[in-house]
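Peer 1: Sequence:
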Amino acid sequence: MFTFTLREVTLCSPEHKDHTGDLTGLPSDLHDVIGTGGDQFRDWFTRLCLYLVLKSDAPAGPGDDTVVIGTEYGNSAALARLQQEGMERGRMLSAQVFPNATSGSASAFTNIKIGAKGRNMTLNAGRLTPVMALWETLSALATGRSATSHVLVGDTYSAQALEDVRAHGTESSCRPGVVHARFERGDTYTARFDFAGPSHRDATDADPPGGRDRNGAFAFAEFLTALRELAPGASTRLECRDGDRRAAVTVTHADTTGPDADPGHNPGRSR
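In terms of the numbering used here, the sequence shown has 6 at position 6, counting the first letter as 1, and numbering is strictly consecutive.
In case anyone wonders, no lab produced these hints; they're calculated from the structure.
Keep in mind that a hint or two might mislead.
[Said to hold, decoys possible] The calculated DSSO-like cross-link candidates involving lysine-lysine, where the alpha carbons are at most 27 Å apart (straight line), are:
#: 1; residue 1: K55; residue 2: K17
#: 2; residue 1: K55; residue 2: K117
#: 3; residue 1: K113; residue 2: K55
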């Protein structure tokens, strides 16, 4: 069991302009916040991660913050662009662009921008990613390695990512979006995780609500928003499925109203 305090939750959900993976409906102050230096090497996923963390109301200055990014495709657009340019130009590429085109560059750049000195992690657990990212985030607090943890979950779906989705024949919706949440040590909430494995699934066990949405950012944002609205003693649950694999977390608001309080319950969200 983990205990924690949730300080803020922000979802950024632009839209695809066309099949190329370009985005529209972006925050008007995006480049004012993240700057323009080196922007030609960034992909949209990195830009949104930087924007959300830099817009956070977290105290400024270096600290032991942990940054956990949960994503399926992450910085694949930057890596694909590096390979494409190398092929088209027919010459050696400058090593200066390599850090901007790795699978974990969004996490690294986020740490550098906020001066974080805690853990720096990028993970992909398929559709279980929201729960796994939260587990890593709270673990950093529980072990004393960080007093603050930032978690970012989502995808922006570059043209290459959309091609990969189509190649696998999935009917899932690929809405671009990234959610950022900031957690701190505290006892406002308790979280219990369940990774016990799949239960038997028969014909009456239908796909969960939102099952066609590939991007876990939206279910995670809905879950965190509901968490912030919990009454003392109430709880909410997020369960994720990926084939036969399941992962779930149940969060309860600390009951500060005495032993006779009605605990209530929020049935939770699934994806």
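Peer 1: In ascending order, which of the hints set out earlier in this document are inconsistent with the structure?
Peer 2: none
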